[in-house]
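Novice: Okay, here's what each chain looks like letter by letter:
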Amino acid sequence: MTPPTTQEGAGASDRRRRANLYVAGALLGAALFTAVEAGLVASGHLLEAQIADAVLALALVNVGPLREMKVTTQREAAALAAVRALALVPLMRVVGLGLPMREWSEPVAALAIALPIGLVALRLAPGRLEGGSLFSLRPLRPNLYALAAGAALGLVAYLAGAPALFPDGAAGERIALGVAVGVLAACVEELVFRGLVQRTLQRAAGRLGMLTAGTVFAATYLDAGSTALVLSFALAGVVFGHTVARTDALGGAMAGHVLLVVGAGAVWPQVLDRSTLPDPEVWIVLAVAIAGAVVVACWRPRRKRQELEDPWELVDLRGRRRRLDRHRPRAPDDA
Amino acid sequence: MTGLLPEVVRDTIGEQSLYSASESFGVVAFVLLVVLLLEQEALRTMRTAPDRARVLSALVVPLLVAVMLTIILRVTKLLP
Chain A
1 MTPPTTQEGA
11 GASDRRRRAN
21 LYVAGALLGA
31 ALFTAVEAGL
41 VASGHLLEAQ
51 IADAVLALAL
61 VNVGPLREMK
71 VTTQREAAAL
81 AAVRALALVP
91 LMRVVGLGLP
101 MREWSEPVAA
111 LAIALPIGLV
121 ALRLAPGRLE
131 GGSLFSLRPL
141 RPNLYALAAG
151 AALGLVAYLA
161 GAPALFPDGA
171 AGERIALGVA
181 VGVLAACVEE
191 LVFRGLVQRT
201 LQRAAGRLGM
211 LTAGTVFAAT
221 YLDAGSTALV
231 LSFALAGVVF
241 GHTVARTDAL
251 GGAMAGHVLL
261 VVGAGAVWPQ
271 VLDRSTLPDP
281 EVWIVLAVAI
291 AGAVVVACWR
301 PRRKRQELED
311 PWELVDLRGR
321 RRRLDRHRPR
331 APDDA
Chain B
1001 MTGLLPEVVR
1011 DTIGEQSLYS
1021 ASESFGVVAF
1031 VLLVVLLLEQ
1041 EALRTMRTAP
1051 DRARVLSALV
1061 VPLLVAVMLT
1071 IILRVTKLLP
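So the protein lines, in turn, are chains A and B. According to the numbering used here, the first sequence is numbered sequentially starting from 1. According to the numbering used here, the second sequence is numbered sequentially starting from 1001.
No wet-lab data here; the hints were simulated from the structure. Backbone N, C-alpha and C define an ideal beta-carbon position, used for all residues, glycine too. Please note that a few of the clues may not be correct.
Stated by the list, open to error - FRET-style restraints, in silico, Cβ to Cβ:
1. Asp1051(B) / Ser105(A): 52 to 58 Å
2. Ser43(A) / Ile1072(B): 18 to 24 Å
3. Thr1045(B) / Gly161(A): 49 to 55 Å
4. Asn62(A) / Leu1064(B): 16 to 22 Å
5. Ile1072(B) / Gly11(A): 51 to 57 Å
6. Gly161(A) / Lys1077(B): 34 to 40 Å
7. Ser1017(B) / Gly44(A): 15 to 21 Å
8. Ser275(A) / Asp1051(B): 49 to 55 Å
9. Ser105(A) / Leu1038(B): 17 to 23 Å
10. Gly11(A) / Glu1007(B): 48 to 54 Å
Please build the complete structure, drawing on both the sequences and the hints.
Specialist: Okay, structure coming up:
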């Protein structure tokens, strides 16, 4: 093999620099969106926020060379995809504010934004939905942790002041509509923040991408009013993000998020009355500690290198390990 | 509650009439839609950035829904 020439070396360095620049652009875009949510949306300056989000979306979608044939490395392409995927998040705010929802009920307004945004996220999400693999619940164990975390955080969110999905004394149809739209909104949020933003950012920036996606997700709840509620959604973002990073599928995170929303907005309000609880802060701390323990349980160190280098174990592209013992030659003393 | 549509957004739009909301928030959505559509058309003609064109064609869909709904509601208000 011939050693690379000086020109080839300079080209590789240029490509690395460009990829790093795109990753920095994605992180900056996420930081700017978070700043707009914290500084403008949460304080009620919505027109300014919408203009800032429109400019941000336009800037993010236009990052990259005009001639895409110049994109030559996988990392560069992944970084560009991450920046452009992030454009959907500020665009979501522009669309939400642009909808004429004055005379619509709350579920109809949520439905009007969730459906088109969900369809876009499905179209742009990396990894095709072959056999529903994106929604798979396998491997089961990390997905079960996500479900447990969702159920625990549903209680935390209710105690922290999450509003109900339907008004008191609502009829059966109104309850069903409220719950159905809550479930749909939870699934769309998972598609956008974990299926699209996290998966693209993670391909470009690794674990930092996962944390950035979690931050952007938490930023969309900054106007919730109660710090405990924002923190509980931030924790949910970390847990579900970690589950998706481990399983490369959305099934567990979606089911966990649905449990969180339905628990906080429909189940716990029927079971408990938060106004009569003696000291809700203690309950919140307890439940947060439980959810934290779930996160720790989810965290599993990588297997030792010699284990992974076992020649009779195959790690396929989705990270699943398969034993190849049936191909192993038998030793002469094997009975 | 959902991060897709925060309460502050719903309350603000709910407090405004259709005309005042569409003449402020609606205009921003409309301008962004026009810019994205023009850019998409330019990229389609130049054929130099197929990936960006694909992303743009996906992103214009929700904006188009919002703008079309606003226009339809404004037109129906004009009807007797």
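Novice: Hints first: check each against the structure and report whether it holds.
Specialist: Here is what the structure says about each hint:
Take Asp1051(B) and Ser105(A): their Cβ atoms lie about 39 Å apart, and the range 52 to 58 Å is violated. About 32 Å separates the C-beta atoms of Ser43(A) and Ile1072(B), a value inconsistent with the hinted range of 18 to 24 Å. For Thr1045(B) paired with Gly161(A), a C-beta distance near 52 Å keeps the hint of 49 to 55 Å intact. For the pair Asn62(A) and Leu1064(B), the beta carbons lie near 19 Å from each other, so the given range of 16 to 22 Å is met.
Under the hint 51 to 57 Å, the C-beta atoms of Ile1072(B) and Gly11(A), about 53 Å apart, fit the expected range. Against the hinted window of 34 to 40 Å, the Cβ-Cβ separation of Gly161(A) and Lys1077(B) comes to about 37 Å, which satisfies the hint. Taken as a hint, the range 15 to 21 Å holds for the pair Ser1017(B) and Gly44(A), whose Cβ atoms sit roughly 18 Å apart. In this structure, Ser275(A) and Asp1051(B) meet the distance hint of 49 to 55 Å, their C-beta atoms being roughly 53 Å apart.
Separated by about 36 Å at the C-beta atoms, Ser105(A) and Leu1038(B) break the suggested range of 17 to 23 Å. Between Gly11(A) and Glu1007(B) the C-beta distance comes to about 51 Å, which sits within the given range of 48 to 54 Å.
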